[in-house]
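I would like the entire structure built from these sequences, with the hints used as guidance.
Number of protein chains: 2
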Amino acid sequence: MNNLEEKILDSKVVFKGNLLTVYCDKVELPNGKEAGREFIRHPGAVAVVPITQEGNIVLVRQYRYPVGKAILEVPAGKLDKGEHPEDCARRELEEETGYVAHTIKRLSSIYTTPGFTDEVIHLYIAEHLTLAKQRPDEDEFLDVEVYTKDQIRLMINDGTINDAKSMLALLLAGI
Amino acid sequence: MNNLEEKILDSKVVFKGNLLTVYCDKVELPNGKEAGREFIRHPGAVAVVPITQEGNIVLVRQYRYPVGKAILEVPAGKLDKGEHPEDCARRELEEETGYVAHTIKRLSSIYTTPGFTDEVIHLYIAEHLTLAKQRPDEDEFLDVEVYTKDQIRLMINDGTINDAKSMLALLLAGI
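Just so you know, the sequences run in chain order A and B.
Position 7, counted from 1, in the first sequence is what our numbering calls 981; the numbers after and before it change by one each time, with no gaps.
Position 62, counted from 1, in the second sequence is what our numbering calls 1036; the numbers after and before it change by one each time, with no gaps.
Don't take every hint at face value.
Because identical chains cannot be distinguished in the list, a pair is counted as satisfied if it fits within a single copy or across any two copies.
Stated by the list, open to error - Using 30 Å as the maximum straight-line C-alpha spacing, the simulated DSS-like pairs for lysine-lysine come out as follows: (1) K1007 - K1055; (2) K1123 - K1052; (3) K1007 - K986; (4) K1055 - K1107; (5) K1043 - K986; (6) K1007 - K1107; (7) K1107 - K1043; (8) K1052 - K1107.
These are computed hints drawn from the structure, not numbers from a lab.
Treat the numbers as computed from the prediction; the structure is a model and nothing was measured.
The structure is reproduced here in C-alpha cells:
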C-alpha cells in the first residue's frame, strides 16, 4: 500500500453559520507538494427505518431547500451535543412521526460525502412501535406517510426514493 | 398533503472556494415566518461499480482529508462542466483504475445530503473491462484494490466499507 496520508499545515475557518462551519486547510501531499482542502465540519446525524406492527414503513416528506423540492426520507436528524446516537434516533423518530420505538437496533454508520464533509450518519432500525404524538421542531414542516415494503422497493427502483441515507438504511434493513 | 414549500426571499454567496460555493439564503416558511438556509452548490458527480471479467470488484483506497483517513470507495468523481454523467463515469473509471468499460449501465441517481447540498451522484455499473493504464489527476493519490463479491459483502456488513455512495452502488448492483 502506498503512503496516501495528507499532513495538515494550516487550518482556517472561512465561514461559520448556524448549520455549517466551512474550513479551508492547507495540506502536504504524499509527494511533498502543498494543496488546499475545503470542507465542512458536521456534528453527525442519525437516520431510522421505523417498521410498524403491521410490517409497514414510516417515511417523512420534507421540503429540502438545497434541492428545491419535497422528498421522501426515513426520519432523521442531527445529533445534539453529547447525545448518544441511539437516543437521538428515538428522539427524532418520536418528534418527526409520533412513533415511540420499543426496540431499536444499529444497522451501520456511514460517511455521506467524505470528499467535503466529516458527516457520519448512524443508521438504525426501529420496531415494536406505539403511536404517541408527532411534535416536530418549531418551523419544521413534514408529512408522515406509511408504505408497504413492496411499495418501498418499487420507489427505490423507480427513483421516487432518491435520498442516499434513506435508500441505504432501507436496503440494510432488508426491505 | 400539506404545503411544504419554502419560498426564496434572498440569496447570498458567503464563501466561494475552488471546490465549494456556500450560500446563505433567506426563505419564507409555509407558516409565513422567515428562516435562514445555509447550503452548498455542487456540480454533481458519478460513482461506478467496476466488475472484472472474473466477476471481481475494483475499488480505490484514497485519503479523505475531511474524515482524516484513507477509505475504500468505488471509483468516483465530479462532473466536468457540460459533461454527460456516463462519459464522466467512463473517464473517472479509466483515470482512477486504468480499466476501460465496454458496457456501462445506469443504476440510479441519488441526493447525498439534501439537508445542506444539492449534490447528485449518478451511480453506474461497468462491465466487460479491459485494462489500459491508470492515470490519476496530478496530485491525486490512490491505491487500486480488487475484491471478490464475498469479500465486498463482508466489508459492507462489518463497516470496513462505510462510504454511502459506494455501499449504495454496490448493493444496487446486486453485489
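Consistency of the hints with the structure:
1. K1007 - K1055: Between copies, since 27 Å is at most 30 Å while 37 Å is not.
2. K1123 - K1052: within (26 Å within a copy, 33 Å between copies)
3. K1007 - K986: This pair counts as within: shortest intra-copy Cα distance 19 Å, inter-copy 34 Å.
4. K1055 - K1107: So K1055 and K1107 pass the 30 Å test inside one copy only (25 Å; across, 47 Å).
5. K1043 - K986: For K1043 and K986, only the inter-copy Cα distance (20 Å) is at most 30 Å; the intra-copy one is 33 Å.
6. K1007 - K1107: between (56 Å within a copy, 24 Å between copies)
7. K1107 - K1043: within (26 Å within a copy, 42 Å between copies)
8. K1052 - K1107: Within. Shortest intra-copy distance 20 Å satisfies the 30 Å Cα cut-off; inter-copy 43 Å does not.
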